[in-house]
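**Q** Below are the chains, spelled out letter by letter.
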Amino acid sequence: MARIELEHLNLTFRLRRERGIRLKDFILKRMFLPSRNPIMEVRALQDINLRIDQGDRIAFIGHNGAGKSTMLKLLAGIYQPSSGRRLVEGRVSSLFDLTLGFEPEASGWENIAYRSYLQGETPASVRAKKQAIAEFSELGDFLNMPVRYYSSGMIVRLAFSIATAIEPEILLVDEVLSVGDLAFQVKARQRMRDMMDKAHLMVVVSHDLESLPHVCNRAVWMDHGRIRMMGTCADVIAAYRLSVGPAAAAA
Amino acid sequence: MQSYFGAIWSCRFFWLSLVKMDLRSRYRGSALGIFWSLLHPLAMTVILCVVFSFAFGQDLRTYAPLVFTGLTFWGFFGAVLVGGCSCFFQGESYIRQFPAPMAIYPLRTVLGAAFHFLIGMLLAITIGLLVGPDISSNHGATRLNQLLALPSLVPSCILLLLFGWSISTLSGLFSVRFRDTKHMAEIGLQGLFYLTPIMYRIETFKGKHRLMALLQCNPLVSFLDLIRDPILLGQFPSLTTYATAGTVVLVLACAATLAMWIEERRLIFHL
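Chains as they are written, first to last, in my numbering: chain A, 27 to 277; chain B, 14 to 284.
By construction, these hints were calculated from the structure, which means they are not laboratory data. A virtual CB, placed ideally from N, CA and C, is assigned to each residue, including glycine. Certain hints may be false.
For lysine to aspartate or glutamate, the following EDC-like pairs were computed, each having C-alpha atoms within a straight-line distance of at most 20 Å [to be verified]: (1) Lys-195/B <-> Glu-105/B; (2) Lys-224/A <-> Glu-195/A; (3) Lys-33/B <-> Glu-136/A; (4) Lys-224/A <-> Asp-261/A; (5) Lys-224/A <-> Asp-249/A; (6) Lys-219/B <-> Asp-72/B; (7) Lys-33/B <-> Glu-195/A; (8) Lys-33/B <-> Asp-82/A; (9) Lys-224/A <-> Asp-82/A.
From the derived model, a few chain A residues whose C-beta atoms are all more than 12 Å from chain B [unchecked claim]: (10) Arg-40; (11) Gly-81; (12) Lys-99; (13) Leu-126; (14) Val-152; (15) Gly-166; (16) Ser-232; (17) Ser-269.
Just chain A, same shape as in the assembly (with noise of 0.2 Å):
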């Protein structure tokens, strides 16, 4: 069963202008001297109260910045909670910075044992879908050049190839749906739509209102790390448009 239930969770960013502090700096700061990298509170989540069942498809939608993407990483487990009960059961997939974290100096195929690896397969359960993930990819020959010669949309071809080759439980989607050239695309939205429907659960953040209606069934719109407004995929889109001015509501 998957399932995510998040209680009165904060999630506060302690950054500071320059990351990493200097020695120097942090011996004056014991000295009571002002420091000139000084710490900047971001109140990225702030009292969250969530619970996603088994079967939801949930959209989370709101303006840049209001804390759509870090939810997922917190929902990811790559971000921990400041306070406050992050519960989530079940084996999680999930899809954005698709580009990163690749060995440039390693062939395709070794980086698609890399990231399998890190999706939790053993060695036997790769060789079993290495085949699979290259031909979707449909890299041919280049699978054996280093990916530091790839070209970005190649790139993406790939971690996205790699990336859906697993059946997840909870599948978390942060608008990757413009991937690689038009032939490419209309097979990932077709391998999307495969994974979405297999899936137990599902979060997507998107802007892309139109289309969401047709993927989740509900929706939770964030403002400035809380959450506004939640409910029906239908009601909620049309609460933002109207807020976000007539225009937009129109559209």
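Position chain B against the provided structure of chain A, taking the given hints into account.
**A** Using the frame of chain A, we list chain B on its own:
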């Protein structure tokens, strides 16, 4: 704790393949490939031996294995300390995508260094047995004593592995917080090189008590003894050596665990 190591174990295929790739890419396109990790300390040993045997009249048969074991150990220590500084930056793109335990990134550094260390040790053992030092001066020890003492290297290597994992974890976490760490580590490493009996024996400074005391405080000496005693002297390392090395590893491992415990959840925000 147990579940944490369970998580490290369950993604073993991932970090093992990264280690394999690191080794391969390090020598990609070089004609001698993996032999370089042998040739490097060997060439250094030859250079030092030539210099020291001419300048200071050292006996080569004793001096060469001494320097070679010393340099092999130092190569490991340097790789772990300085390489550890960049381990989390190296793995940043994975950290940003997958919630794997953070300890696998320093582990990757250590295992790479350990591979080179093991190759060096095999050569050191060969040199020690074939052209080796005159061990009979050590209470009439024979080649048989030397052979019998060799198995003690197995637990020593495990100790060294834990030592290296702790060091690279600490230096990695430190350099995420303080970006100057790597530069300071490099300078510290250079200074420490002369304070560690790599190119000389501690006994060389018998008359100089202050220097002796300083050298004996160096925790690295016990690790050098762990690998040198069986090969150079044909004897098991003393209990004191094991106790010192064991204590150092325990303290460092506790410090690394504690630091990881604190930083694991926040690390990504500082990358």
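**Q** State for each hint whether it applies.
**A** Quick rundown of the hints versus the structure:
Straight-line distance between C-alpha atoms of Lys-195/B and Glu-105/B comes to about 17 Å, which keeps the hinted pair within the 20 Å bound. For the hint pairing Lys-224/A with Glu-195/A, the CA-to-CA distance comes to about 8 Å; that is within 20 Å, so the pair holds. As the CA atoms of Lys-33/B and Glu-136/A are separated by approximately 11 Å, the hinted pair is consistent with the 20 Å bound. Between the alpha carbons of Lys-224/A and Asp-261/A the distance comes to roughly 26 Å, so the proposed pair goes past 20 Å and is violated.
A threshold of 20 Å between alpha carbons decides the hint, and for Lys-224/A with Asp-249/A the separation of about 30 Å lies outside it, so the pair is violated. For the hint pairing Lys-219/B with Asp-72/B, the CA-to-CA distance comes to about 19 Å; that is within 20 Å, so the pair holds. Only pairs whose Cα atoms come within 20 Å are accepted, and Lys-33/B paired with Glu-195/A is rejected, the gap being roughly 31 Å. Restraint check: the Cα-Cα separation between Lys-33/B and Asp-82/A comes to about 41 Å, which exceeds 20 Å; the hinted pair is violated.
A distance of roughly 12 Å separates the Cα atoms of Lys-224/A and Asp-82/A; the hinted pair therefore holds under the 20 Å criterion. Residue placement check: Arg-40/A does not keep its beta carbon more than 12 Å from all beta carbons of chain B (closest about 7 Å). Distance check for Gly-81/A against chain B: the nearest CB is about 24 Å away, which clears 12 Å, and the non-interface claim stands. Non-interface call for Lys-99/A relative to chain B: violated, since the shortest CB-CB distance, roughly 8 Å, does not exceed 12 Å.
The beta carbon of Leu-126/A is not kept farther than 12 Å from every beta carbon of chain B, the shortest such distance being approximately 4 Å. Some Cβ of chain B comes within 12 Å of the Cβ of Val-152/A; the nearest lies about 8 Å off, and the non-interface call is violated. Against chain B, the non-interface label of Gly-166/A holds: every CB pair exceeds 12 Å, the least being about 22 Å. The beta carbon of Ser-232/A sits about 19 Å from the closest Cβ of chain B, which is more than 12 Å, so the claim that it is off the interface holds.
For Ser-269/A, the condition that its CB be more than 12 Å from all CB atoms of chain B holds, with the nearest at approximately 31 Å.
Consistency note: the structure conflicts with the earlier hints numbered 4, 5, 7, 8, 10, 12, 13, 14.
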